[in-house]
Every structure is written in C-alpha cells, then in structure tokens.
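J.: Residue-level listing of the chains:
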Amino acid sequence: MTRSLQIWHYLTRYIDGILLSGILLLMLTGLLTLYSATDANPNRVTNQAVNMLVALSIMWMVANIPLQHIMRIALPIYMTGLLLLAGVALFGEINNGARRWLNIGVTRIQPSELMKIAVPLMMAWYFDKHEATLRLRDYAIATLLLLLPVVMILRQPDLGTALLIGSSGFFVLFLTGLSWRIMAGLAVAGLGSLPVLWSMMHDYQRRRVMTLLDPTQDALGAGYHTIQSTIAIGSGGTLGKGWQQGTQTHLDFLPEKSTDFIFAVFSEEFGLVGNSLLLLLYLAVIVRGMVIAANASTHFTRLIAGSITLTFATYIFVNIGMVIGILPVVGVPLPLISYGGTSMVTMLLGFGILMSIQMHPKLVKT
Amino acid sequence: MSPRVELRNHPRELQRFQLRLAISAGVVLLLFLILFARFFYLQVSQREHYHTLAEANRISIAPIVPNRGLIFDRNGEVLAHNYSAYTLEIVPSKVKNLEDLINELSTVVEIAARDRKRFKKLMEESKRFESLPIRTRLSDVEVARFAANRYRFPGVEIKARLFRQYPKGEMASHVIGYIGRINDKDLEQLEANNALANYRGSQYMGKIGIEQSYEQDLHGITGFEEMETDAAGRVIRVISRTPPVSGNNLTLSLDVKLQEVAEKAFGDRRGALVAIEPSSGDVLAFVSKPGFDPNLFVDGIDSENWDLLNNSIDRPLNNRALRGLYPPGSTFKPFMALAGLELRKRAPQNAIVDPGYFNLPGSTHRFRDWKAGGHGVVDLHKSLVVSCDTYYYALANDLGIDNIYNFIGQFGLGKKTGIDIDGEVGGLLPSQDWKMRRYKQKWYAGDTISVGIGQGYNLTTPLQLAFATAVLAGRGTAFRPHLVKNILDSNNEMVREVATQPLYTLDLNPNNLQVVQNALVDVTRPGGTAALAGTGAAYTFAGKTGTSQVVGIKQGEKYVESKVHDRHRDHALFITYAPVEKPKIALSVLVENGGHGGAAAAPIARVVMDYYLLGKLPEEEAAKPVDQIDEEGEHD
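Respectively, the protein sequence lines represent chains A and B. Take 1 as the starting number for the first sequence in the numbering used here and just add one per residue. Take 367 as the starting number for the second sequence in the numbering used here and just add one per residue.
If you're looking for bench data, these hints aren't it; they were derived computationally from the structure. Remember, it's a predicted structure, so these values are computed and weren't measured experimentally. Backbone N, C-alpha and C fix where the C-beta goes; we use that ideal spot for every residue, glycine too. Hints are supplied without guarantee of correctness; some may be wrong.
Said to hold, decoys possible - Short derived list, chain A residues pointing at chain B, Cβ under 7 Å:
#	residue
1	234
2	236
3	247
4	294
5	320
Said to hold, decoys possible - Capping the alpha-carbon separation at 20 Å, the derived lysine to any residue pairs in SDA-like fashion look like this:
#	chain 1	residue 1	chain 2	residue 2
6	B	462	A	35
7	B	486	B	463
8	B	460	A	32
9	A	129	B	381
What the hints assert, rightly or not - Now the stretches of chain A that chain B is said to cover, found in silico as 3 or more residues with beta-carbon under 8 Å:
#	stretch
10	2-12
11	170-176
12	279-292
Could you build all of it, start to finish, from the sequences and the hints given here?
T.: Have a look at this one:
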C-alpha cells in the first residue's frame, strides 16, 4: 500500500494540484457539452476523451522537464518553426483555400501550432539573455522575432492563429516592461492605419466586420452563425433549458456546434448561472497561472508563465466574444472545451510548462 | 521548500513585472465582466425576445434546389440534361462502424467494389455530417427492398435527386465540361462571391468547361420551404413555399454534328481542332483529342478511373485546344508575308535565290531550309506555296523583332482570345521586353531569324491559330470567339445574346490580302504543300501547312522521321478558311506527333469543311491519314 503511494507521489511530484483540478473540471464540462452537442454521439465523445488523455500525458511529460532544459531548446525550436513555416509557404498543401499544412512524408503537420509555444519561448529567452541591459534596440529585435512568424501565418491565411501568436508575443513585450509611451504610440498608429487596412481587406472579410455591426444584413450567409448563437444563448435564460434540452442545438440550427460555437450549446442548456460558473472556473485557472508567474524565480520563467496565462485568457475572451456577437467571427476554439485534438495538445503543453516552473526546485544562488 | 533566493535578482525589474502582471489581471477581470454583462443582457434583459425567436425557430426553412439549366448545340441537340433518380445515402457521422454497415447494406442492395471506392473518396473530400451517396440510380425493386429493411440501417436514407447527364459522352467533353460535388474550396469561393446563400442545399456545381464558366446562369435561384416542426424537428406542416427558379438554358454556337465529324476524323490520334465562323466569332467545332467521359465525374469519380485518366500518357484531361502550347511553325508564314507587304519590306515581285540556308552577315551559323539545296528562285507567292524557310529568315531579319511583334500581335497570336471558358493560356509572341523580363538578356538579331518561321520562342494554342486565321479570313475584322450563342430562361425566353459586335478591324490593304490569299489557295493546289488535301474540292479554300518541332535538331544533323521516337515526331499543323469568296469557316488543326502538316492535318480540315460547306459525310477511307510524302516533299 505504502509502496504504491510512494510511486504515486513520485509520479505526481511535479504536478500542480490546483491547476490540474481546474483543467480536469473544464475538460469534464467539455465532454458533457460535447455529448449534448453531437446528439449523444459516442464516437465523437470517445475521440475527444482520447485527445484529452494524449494531451494530459504530454502535459505530464513537459511538467517533468526542468525549465533550464526548456530554455535551452527555445532557439532551436523557434528556428525549426520558422523553417517549417517557410516550407509551408513553398510546398504547403492547400486546404480550404489556405496553405497551412506541410506534408513531411510520415504525416502532415501544421507548423503555426508549434509557433504558439515557440514564439513566447523565444522572446522570453531573448529578454532573459539581455535582461541586465534592456534597451530600445532589444525591444525592436524581439518585435521582429514576433512579426516574422505572424506575417507568415497571416499570409497562409490564418487570421485566428496569427492573432493568438501576436498576442502571446505582445504579452511578453508588455510584461518585460515595454514603455507606455511606445505602446500609446503604437496604438495611435494602429488606429490611424485602420482605414488603410479596411481598403486592403478582402470583400468577405469586410462583410464579416459589417455583419458584426448588423448580423441581420446577411441572415442566411455570414450573419447566420451569430444570429443563431445569440438566439441560443438568449433563450437559455437564467437557469438554462437543461442538459440535452437546447432546442437550438438539437434542431440543428446551430452551426459548428461542437467546435468553435460549442459555448452557445453550453450557454443554452445551462443559462446565466452555468455561464458564470464557467467564467469563474476559467478565472481560477488564470489566477493560478498568474500566481505561478509572480512566484517564478527567473526573468525567463516569469515572462513565459505570464504570457501563457494571458494567452489562455485571450482564447476565452475571443471565442466567447465571437459567439455572443461582440467580436467578429474568427476561428478560435474555446480552450479545453471545443472539439479538436491539436489545440488541446498545445494548450496542455503550455500548462505543463507552468507546472514545471512552479514545481521544480527554484534555482538557488550560492 | 528550499529558501528562495532570486538568481540575477534585479529588484526593479521584478517590481515592474509584478506591476505589469497586476495590470494584466485587472484587464482580464474587466474583459470577463464585459462578457458577464453581455450574458446578463442576452439571458436576463432580452430573454423574452430570444425565447420567442427560439420558439419561432421551430419554423424551419428548407432550401429547394433549382433545376440546373440545359445545354444545347446550335441546332437544338441536347448536350447536357437532368434526370431524376433514387440514391442511397449515408451520413457517416451517424454511423458507428461504416465497414460493417456497408457490408450489411450490400445484402439488401447491390454495392459494387467500385461504389465502395467512390464512397471512400467522397468521404475524404467531405465533411462528416454530409449525406453521401453509396449507390446511385437504384431500381424500383431495390428501393422497395431497402424500404422494407430500413429499420436495420439508421443513418441511411433513400433520396430522390436530380442527376446531370451528358448524352454525347466523350464528344465535346472539353467544351461542356462537367459538374461535381461542391468541396471546401468551392465553398470559400462561393463565400467570396457572396453566393453561399444561393447554394444552400446544392450539392453540385460546374467544375470545368461551359458548366463552370456559365455556372451563374446554369445554377438558378434556390427556393425555400417554410415548415413547422415539432420539438424533435419532425415536419408538421408546410407553411409557405417560395419556388426555385430553374437555371438558364444555354444554346452553344457549336454544331455537334460538325464536332462529331471532326472528332471521328482524328481517329485515335492526339490533337486539337478549332473551327470559327469568321463573320461572327461563333465557335463551330472545338476538339481536343483524346477526350474523357464527363458522366464519370458527376457522382464523384472513383479512384481507379481517376488514376486512369490522370496518369495516362495521352493526358485526356488536358484541353489541348485551349491550353496546349505549340510553336506555330510554318502556319506563321502567311502573317509574316502580310507584315512584309504591309510594312513595305517586300513587294510581290521581289525574289530571292535560295541556296538552302540563311546566314546573318558576319556569322557562320547556318539557318537551314527544310529542303537541302534550296528552292531556287523564290518570290512571295512561291515562298508560301512551297513553304520556303530561307525567304522568311531573310524577311524576319529585315522586319526586325519589334515589327513582327507589333504586326502579328494584332492577329492575337501569343495572347488570350478571351473565349468564354476558363483556363485559357496566353502563349507567347516574343519581344525584346519579354526576353529582358524573362531571361534578363537583351534581344539578339539571331533570335529574330527562327521567329520568322514560327519557331524560336513562339508558342500558340490551336484556339489562337484559329482566331488569327478567322481574322485573316475576315479581312482584318476580329470577333471574340465564343462557345455560347445565347442564354434562354427555362421557358426558352431570351435572357441575353452573346455580343456579336466586332472587337476591332485592322486597317489592311486589300491588294496585299489578295496576294497572300492567292498564294494560300495555291498551297492547296498541285505543287502546293497541301495539294493532296485539296484534290477534287468543290470549293476554293486557302490554307497553310505547318510542322512544329518537338525535339531540337543539331547543326549539321538531319531529321529522319523513321528514326525518331513516336512521341518525338513533329506536330502537324494546318490552318485554313473557305470558301475564299465569302469565308464561312476558318479553322486550325493540330495533330500531335503527326509529322507533316500537309499529310496529317490538312486532310482532317478537308473532311470538316466538306461536311460544313457541302453537307458531305466522309467515306470511311477519306478520313484516314495519308502517310507518304508527295513528290514535291513538304517537310516545312
């Protein structure tokens, strides 16, 4: 008995209990919602459960690696990512009109997913190296490290991923202390360039923005998603219609209800109360991430932990914002709940890093 | 816990980081509050409103797919139509074990290995929740048998669907094209064109040919049926119905009988033929051989047939008339001759003595004539009749590349004609600019020489050659070639006619045109390179043979046909129009690896013109290629 207890302790010594509890609760919510969203399709739910197990074991492995090792691979992993992105641009497979996948013989990979971790790692590594003497030039170089992959991903085109990587990099810049004046300058420049951006957008992209302002304009086309999801959420009321009782969901009005729009299913069936509990659960995970960041011992680990946590929060805000009709429709999943293996793995890889930062003995200066 | 001592502890940095982290936490909190506020607004303040909407959503709207427009030839023969048939469809996402299900299904309804392969391919291309056909065209007996066993197969349904059929099979397949299942890429395209709403419920769209380029006309407008459903989504009653509007019918300018004669004349040979009415731009025949059966693509092609078509060395899916690039060879010469006359670099009576080669002043490189020893004394007339190379080497040198490019460009060579199907390629009429852009090299005088006989960098499509010939036949008046003549709605009321206004008219001297035409007529008479094809014609026609090289021949080497691999033999070309008094048809013929233009390509043109002008169907022998070279020799 004690023997197995020892083994258990040995296996879980780098696992952060609080973080893990939050993750598991969210995953459970995800499976329940998915079960309802797929009309009780056991295949889908089993698939997703397998995705979760794979992602959890990857998290466990990463948590067991001391951060110094992860730090050492920041540069090579970033360079590999860049090379693969260049490969995608040159030889990538076109799918759905976008060039995102690379066939490397054995399997197809999506290098932009790798960059979600590689970019903040690389930038944090860079700042950590130059920590003592941070100058404007360093910010410029770090920004370049960020923009290079972001622009390549924008050109695939993959707006959602570019946005998420962009924000993960911005968080590193922000946390490391980019001056407020520069940020204000950038914000003004950004606002000023909006008309130019507008004129450069594709017609369908403009339509998506216009649809946000008035979804009824194109009720059967681009506005359909938003209209149906707001109806689902609004009709859920305070307590919701009950698990598996959502009419919007079960009468097939709701598009993409197991992936990007799964929140509408949850919200219709569990109402305002369910929504609030879900937000609190997410907040708990975010707060834990921030505590880990605040307690981290090196500049590198602080930046990484902060960036991962804030990116997680961004996912949540962008996805829910899109489903409730306050943000344009961008392909961003609801973390730990939307159906799909790739984003699940990336997400838990990030949590693995957080655990490694928290649970490995902090570096001690003698 | 071990005592925590900061490594590289910079208190100020740490303080700043923590401040920033606190600010971020505040922002996150604020954003979450915004989300909460919106939840509150939707779920509490506006709950009644959305509740009503959700109830109203029990009125579901089902699209009604319109009938696709039909395609007819110019005489009203049907080239594409629809028929209704039952299909057996599976929604893969509703099925646990597909393999087992299909095995069990095959005990009720016959499912061939080919159906399984096609289904597998469809699965790879479609979303999981789409309904995909495992069997099409079920017999009544099969429908009844499945209906009796239906309870055993959840997720499998019988549906009545309209199918596209191409009754002429391979004939004119490159023109008509085919429809296929709408894939993700099509969907993005439709979204970009703001047409997605009209394709709700549609499963097919045009993929190539007329079916693709006139998709907007053919598809029609989707109708809607409003139905009241119960909470489980079952239809209780139909509330209202907006009927669909059928797609428009197309009448092609193509004459399918002529097309048939032309395709038969090719036999098993590969090549292309384009026939145009010079006075309107109507495309009368548009052949690319070999073709393919477009019916294979309609239900989704199975991988075996696909591999067969896609990997065939004969490349049947390649539209040679539209996209095949070939040096025009000697068919370029009439245009060169006209350039020489119009730009006053040559007069009809000027003659040269042809030693059998040409060299640039100060160079030893010999540009050889196809006939060793030369043609003797050659004037412009004879240069066309016997297809003398040396004459045109010298003429090209005198004209210079700029003149050639500017003059012959007016006939549309090396440019897209703007025909009404997608995928046309432009070809190449070389110029100084082009060479600089392409090779970062300046143009050399030597480059011009071979351009003069249609070789060198020259590349044209058979369609361009036919267009240029039609402009020549029309005395300089050009019409945009078009395959669709007019567009009718489903009640056969005219929607619109394809414009028949001339694109432009070239200012050409009638005397010069006459000189060239006289020579081209003599090409088809005894002593000319196409004399054989001209034998016994009941009308007068103008023509020019051509041969375009597939492999280069080194200096001092000789092209011996018998020694060359089949696929490396020269391509045979012929351009022609008839009758010369008032041209009704202009055409270009290309026979891949056919050898000599006069022997391989011109007889096909003759068969086509005999049918079009005289209504004469070829006797079986007349269509056969003539393999021996006539006495004058005509390897030009």
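J.: Would you mind marking each hint as holding or not holding in the structure?
T.: Verification of the supplied hints:
no.	hint	verdict
1	234	holds (3 Å)
2	236	holds (6 Å)
3	247	holds (6 Å)
4	294	holds (6 Å)
5	320	holds (5 Å)
6	B:462 - A:35	holds (15 Å)
7	B:486 - B:463	holds (14 Å)
8	B:460 - A:32	holds (18 Å)
9	A:129 - B:381	holds (19 Å)
10	2-12	violated (count 0)
11	170-176	holds (count 4)
12	279-292	holds (count 6)
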